[in-house]
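Asks: In case you want the letters, here they are:
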Amino acid sequence: MQLSTKHLLGIKDLVPEDISLILSTASQFKEVLQRPVKKVPSLRDVTIVNLFYENSTRTRISFELAEKRLSADTINFTASGSSVSKGETLLDTVNNILSMKVDMVVMRHSASGAPHFLAKHIPAAIVNAGDGINEHPTQALLDAFSIKEKLGTLEGKKIVLIGDIMHSRVALSNIYLLKKMGAEVMVAGPPTLIPKYISEALNVKVEYNLKKALEWCDVANVLRIQLERQNQVLFSSLREYNLAYGVSKKLLDGLDKEIVIMHPGPINRGVEIDSDVADSNQSIILQQVENGVAVRMAVLYLLAARGN
Amino acid sequence: MTIILDKQQLQLTILRLAHQLAENHVDLNDIVFIGLQPRGVPVSKLVVENIQQLFPNEKVKYGVLDITFYRDDVRSELHKANTTDIPFSVEGKHVVLIDDVLYTGRTIRAALDALQDFGRPKKVELCVLVDRRFNRELPIQPDYFGKAIDTLGSQKVKVEWDKEEVILY
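Going down the list, the protein sequences come from chains P and V. Sequential numbering from 1 applies to the first sequence in the numbering used here. Sequential numbering from 309 applies to the second sequence in the numbering used here.
For the record, the hints were derived by calculation from the structure and aren't laboratory data. A portion of the hints provided could be inaccurate.
Within a straight-line C-alpha distance of at most 20 Å, the following computed PhoX-like cross-link-like pairs (lysine-lysine) qualify [as the list claims (entries may be wrong)]:
1. P/K101 <-> P/K120
2. V/K388 <-> P/K6
3. P/K68 <-> P/K38
4. P/K39 <-> V/K369
5. P/K179 <-> P/K150
6. V/K367 <-> V/K401
7. P/K30 <-> V/K388
8. V/K466 <-> V/K353
9. P/K150 <-> P/K30
Can you build the whole structure from these sequences, using the hints too?
Replies: What follows is the structure in structure tokens.
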């Protein structure tokens, strides 16, 4: 029994058994994180480089903690302040790092497909920590873990992804994962932020009315408006976006049930989600972050176990 | 295929182990019993149930420990992790580790490592249902054992809980 893949490039490549194995292993690691000594010796002989070509707070800290709690040795690389500014290519940078005997690469890059390119050219196992607008697999796994923890199962649950679906790698990874695990998925947001053929291509429901979307769902995963990836005007102002698609307390109070609120962070308070919603009891935003470490430990552990 | 312990022998053996443990640990406040996942759990449950019956007015402390993340072969073979549930501190306690079969001793080595992460026990003892003598790869011996047997490395010892038998294949 092991993962069917050598790398974690995207949820797209995983089979449901892989996802179940990662989630069940993660729940054992979650117990490890409650112990007086929150560390196991499993990856003592493994060296991991965290290669971040793009900004990150949560994902990077989370991966680093996960690595340390597995007893792996870690190196951190950020593009700014490195020889990337002198013109070194991605492949050269990675090969130089690997020549110092590194076993795994955790990588975030603004170009979609960058980790897939690396996987073809280097022997080390690669974990995608977000590539452009393509995938962010560990985020989808921790989202799934958090939903399962809250609702018991993913099967048959109705999950709506709200906001900037077009530019969100979290959305794509979530859609792949939730569909593979038997959940129903809807995307909601302004038509300019939802890819035109998404319902045919990925077999998801599409809803342009936020209230209707919230009435339908068990879980609402609210996504950040990715202004840094938008090179054209897709809505007139953040204030207008908030009025039409911001998740507010008033909207939630108008529903006949209590839905679960999620957000992958970083939150733009008062844009896609109001502060009183983000901080309410319905929100599991901080549990998502907590679960992130256990889920990433599971991914690294299972890939390393497959290494030999 | 040989039956090492049949149903009646298995019940008597577990009862004897419970009595031996109770005999040596009259004060239950200082002692905790930990079953090793996955196969040590059924036998440890039965042993602890029997001890509990001997001391109906006290609560026997019992937990289960999974050693998957402490194995010395993590990178060569993947084992599925099981639940660990130790709802008490082992700091300063007498710990009795319980497993079904003692073979190479590597599981117990890993369990001793894992136990450190829950505190510093005053003393650790080992109780096993079957001791496969002469197959040890580490200097580990049981303090209590149900039955000691001589086996070849190519043989397998299995506790069949549905039939309540211990069988040598």
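Asks: Could you run down the list of hints and mark each one as holding or not?
Replies: To see whether the hints hold, each was checked on the structure:
1. With a C-alpha separation of about 18 Å, the suggested pairing of P/K101 with P/K120 holds against the 20 Å cut-off.
2. A distance of roughly 18 Å separates the Cα atoms of V/K388 and P/K6; the hinted pair therefore holds under the 20 Å criterion.
3. Among the hinted pairs, P/K68 with P/K38 is consistent with the structure: their alpha-carbon atoms are about 10 Å apart, no more than 20 Å.
4. A hinted pair counts as satisfied when its Cα atoms are at most 20 Å apart, and P/K39 with V/K369 does not qualify at roughly 24 Å.
5. Of the supplied pair hints, the one linking P/K179 and P/K150 holds, its CA atoms being roughly 18 Å apart against a limit of 20 Å.
6. The suggested pairing of V/K367 with V/K401 holds, with an alpha-carbon distance near 15 Å, which does not exceed 20 Å.
7. Using a Cα cut-off of 20 Å, the hinted pair P/K30 and V/K388 holds, with the two alpha carbons roughly 15 Å apart.
8. About 17 Å separates the Cα atoms of V/K466 and V/K353, which keeps this hinted pair within 20 Å; it holds.
9. Of the pairs offered as hints, the one joining P/K150 and P/K30 holds, with about 14 Å between alpha carbons and a cut-off of 20 Å not exceeded.
The structure does not agree with numbered hint 4 stated previously, though it agrees with all others.
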